[in-house]
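Student: Taken in sequence, the protein lines are chains A and B. Numbered by my numbering, the letters in the first sequence go through residues 1 to 271 in order. Numbered by my numbering, the letters in the second sequence go through residues 1 to 271 in order.
Rather than coming from a laboratory, the hints here were simulated on the basis of the structure. Please note: incorrect hints may appear among the correct ones.
[Unchecked claim] Below, a list of computed lysine to aspartate or glutamate pairs in the EDC-like style, where the Cα atoms sit at most 20 Å apart: (1) K52(A) <-> E184(B); (2) K164(B) <-> D107(A); (3) K31(B) <-> E184(A); (4) K164(A) <-> D245(B); (5) K164(B) <-> D162(A); (6) K49(B) <-> D53(A); (7) K49(A) <-> E220(B); (8) K48(B) <-> E7(A); (9) K52(B) <-> E42(A); (10) K164(A) <-> D18(B); (11) K216(B) <-> E253(B); (12) K164(B) <-> E184(A); (13) K48(B) <-> D18(A).
2 protein chains.
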Amino acid sequence: MKIRRSERLIDMTQYLLDSPHQLISLTFFAKRYDSAKSSISEDISIIKKTFKDRGFGIIQTIPGATGGVIFTPAIDEAEAKVIIQQLCQRLSTQDRLLPGGYVYLSDLLGQPDLLRKVGRIIASKYLGQKIDAVMTVATKGVPIAQAVSYYLNAPFVIVRRDSKITEGSTVSVNYVSGSSERIEKMELSKRSLKRGSRVLVVDDFMKGGGTVNGMKSMIEEFDAELVGITVFAEANFKGVRAVDDYTSLLYVEQVDTATKTISVVPGNIFG
Amino acid sequence: MKIRRSERLIDMTQYLLDSPHQLISLTFFAKRYDSAKSSISEDISIIKKTFKDRGFGIIQTIPGATGGVIFTPAIDEAEAKVIIQQLCQRLSTQDRLLPGGYVYLSDLLGQPDLLRKVGRIIASKYLGQKIDAVMTVATKGVPIAQAVSYYLNAPFVIVRRDSKITEGSTVSVNYVSGSSERIEKMELSKRSLKRGSRVLVVDDFMKGGGTVNGMKSMIEEFDAELVGITVFAEANFKGVRAVDDYTSLLYVEQVDTATKTISVVPGNIFG
Numbered sequence: 001m002k003i004r005r006s007e008r009l010i011d012m013t014q015y016l017l018d019s020p021h022q023l024i025s026l027t028f029f030a031k032r033y034d035s036a037k038s039s040i041s042e043d044i045s046i047i048k049k050t051f052k053d054r055g056f057g058i059i060q061t062i063p064g065a066t067g068g069v070i071f072t073p074a075i076d077e078a079e080a081k082v083i084i085q086q087l088c089q090r091l092s093t094q095d096r097l098l099p100g101g102y103v104y105l106s107d108l109l110g111q112p113d114l115l116r117k118v119g120r121i122i123a124s125k126y127l128g129q130k131i132d133a134v135m136t137v138a139t140k141g142v143p144i145a146q147a148v149s150y151y152l153n154a155p156f157v158i159v160r161r162d163s164k165i166t167e168g169s170t171v172s173v174n175y176v177s178g179s180s181e182r183i184e185k186m187e188l189s190k191r192s193l194k195r196g197s198r199v200l201v202v203d204d205f206m207k208g209g210g211t212v213n214g215m216k217s218m219i220e221e222f223d224a225e226l227v228g229i230t231v232f233a234e235a236n237f238k239g240v241r242a243v244d245d246y247t248s249l250l251y252v253e254q255v256d257t258a259t260k261t262i263s264v265v266p267g268n269i270f271g
Numbered sequence: 001m002k003i004r005r006s007e008r009l010i011d012m013t014q015y016l017l018d019s020p021h022q023l024i025s026l027t028f029f030a031k032r033y034d035s036a037k038s039s040i041s042e043d044i045s046i047i048k049k050t051f052k053d054r055g056f057g058i059i060q061t062i063p064g065a066t067g068g069v070i071f072t073p074a075i076d077e078a079e080a081k082v083i084i085q086q087l088c089q090r091l092s093t094q095d096r097l098l099p100g101g102y103v104y105l106s107d108l109l110g111q112p113d114l115l116r117k118v119g120r121i122i123a124s125k126y127l128g129q130k131i132d133a134v135m136t137v138a139t140k141g142v143p144i145a146q147a148v149s150y151y152l153n154a155p156f157v158i159v160r161r162d163s164k165i166t167e168g169s170t171v172s173v174n175y176v177s178g179s180s181e182r183i184e185k186m187e188l189s190k191r192s193l194k195r196g197s198r199v200l201v202v203d204d205f206m207k208g209g210g211t212v213n214g215m216k217s218m219i220e221e222f223d224a225e226l227v228g229i230t231v232f233a234e235a236n237f238k239g240v241r242a243v244d245d246y247t248s249l250l251y252v253e254q255v256d257t258a259t260k261t262i263s264v265v266p267g268n269i270f271g
């Protein structure tokens with residue numbers, strides 16, 4: 001039974017959104033709807049235009065027998081800026097202030113709608129770059145890594161400070177915790193990352209950059225390649241950071257435990 | 001400028017998929033597309049039918065001035081069974097066998113396409129039930145909790161064995177680790193769960209059920225309510241489990257370290 005255009009458009013939209021960064025042949029869609037390839041091509045043009053106009057991302061058409069369509073999720077810079085501005089306001093409330101000048105983020109890092117937005121923003125930053133894996137450190141980096149991984153369609157790997165038996169053999173590296181200057185250890189399951197993988201590092205919060213620097217060492221240990229570093233929030237840090245090439249969505253400019261004020265501004269992600 | 005039906009269908013599909021469990025008024029869509037409410041109603045009927053036919057979930061129309069549409073993601077039982085069967089095969093490979101009879105799962109729990117499916121399957125299990133929060137324990141439960149949270153549009157909270165300063169004040173409970181019979185401690189940030197919340201507990205792996213039972217105590221400690229427990233995989237356990245009312249996607253029936261064989265079958269989720 002032939003499927004009407006309206007139904008095809010709805011199903012193809014869902015299919016593409018659910019399969020980012022995957023090449024889907026027109027033949028696949030033609031069979032799925034028992035429709036001519038020419039009709040599918042027209043559908044794709046309509047979807048392509050709407051996705052572009054609405055800022056969902058880019059649909060690329062690859063011609064030829066081995067061709068098809070690839071959907072790459074993205075977000076408009078203007079929309080991303082609004083989201084980040086709203087986040088700045090939500091973070092700049094005094095009840096988020098914790099002893100030691102830390103900022104309470106756990107509630108935000110558990111909200112699916114926010115994570116979807118953060119994932120799209122970070123993924124858009126690496127548009128057009130090949131990424132084989134997203135790396136983070138347990139526990140609070142995991143939601144960010146998973147959110148980004150959804151939009152890049154690349155697996156995420158979790159480095160741990162306390163590896164469990166359920167990880168199998170691990171590789172460990174030592175690193176200097178930037179803020180406390182202590183030597184710490186982190187571990188990653190040996191089979192979780194292939195040699196030569198191109199890795200994006202993400203984390204929830206960065207002060208001195210010691211943890212992120214530890215992940216850089218880990219990537220070297222696996223003969224893998226660092227593509228970039230993006231953190232959800234960076235703190236104002238007086239010393240010299242262990243890493244200098246990174247992007248942040250938010251910048252915690254000032255934390256004053258005496259007056260109980262926090263000031264959060266956009267990070268360096270949009271220059 | 002009026003928007004054509006094809007474009008409306010594509011945008012509404014994306015909007016609904018991205019906003020599960022949220023009531024969206026027809027007026028919102030009518031304004032968004034500068035179209036008559038009657039046209040929007042027709043669009044909704046088409047989308048509703050396609051979502052149903054394709055097994056994406058249910059679109060409910062609520063009449064009246066305060067009405068609108070709500071999309072509830074779901075998955076067909078037949079489709080879910082196929083996914084679980086495939087998972088059984090992927091897990092029943094001898095290179096997953098770890099010392100002590102544990103099974104290596106970390107790679108699967110980092111794959112976005114798989115997590116999307118698992119999230120949909122678990123969310124479908126609680127169709128029609130009010131869930132305010134998804135609870136899990138760090139670290140390996142987090143990907144499952146986040147995946148489910150996306151489809152329920154409810155936040156997830158992470159119980160930790162080692163709470164950090166960045167959590168603020170915490171509530172802690174002691175629990176008996178089922179397999180080792182040791183007394184352990186778990187903590188949850190005080191502000192992460194509201195009194196009276198209806199909580200779904202998820203985890204990656206269950207043996208004796210001690211950890212899950214600890215989360216049950218935690219829920220009581222917060223004067224919250226347990227809605228259900230679902231684990232990704234349960235192990236064949238000889239003793240008496242600490243919890244008896246749970247569902248599992250997978251059942252690790254047999255692990256033989258001598259012959260290096262693992263046998264994984266579907267869990268009890270479909271009875």
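Student: Compare the structure with each hint and give your call.
Tutor: Now the hints, each set against the structure:
1. K52(A) <-> E184(B): violated, 52 Å
2. K164(B) <-> D107(A): Answer holds: K164(B) to D107(A) is near 14 Å, not above 20 Å.
3. K31(B) <-> E184(A): violated, 55 Å
4. K164(A) <-> D245(B): violated, 27 Å
5. K164(B) <-> D162(A): Given pair K164(B), D162(A) holds - Cα atoms ~14 Å apart, limit 20 Å.
6. K49(B) <-> D53(A): Outside the cut-off at roughly 26 Å; violated.
7. K49(A) <-> E220(B): Distance of about 51 Å is beyond 20 Å: violated.
8. K48(B) <-> E7(A): holds, 10 Å
9. K52(B) <-> E42(A): Not satisfied, since the Cα-Cα distance of roughly 25 Å exceeds 20 Å.
10. K164(A) <-> D18(B): With a Cα-Cα distance of about 35 Å, the restraint between K164(A) and D18(B) is violated, given a limit of 20 Å.
11. K216(B) <-> E253(B): Violated. K216(B) to E253(B) sits at ~25 Å, over the 20 Å cutoff.
12. K164(B) <-> E184(A): With Cα atoms ~15 Å apart, K164(B) and E184(A) stay inside 20 Å; holds.
13. K48(B) <-> D18(A): holds, 18 Å
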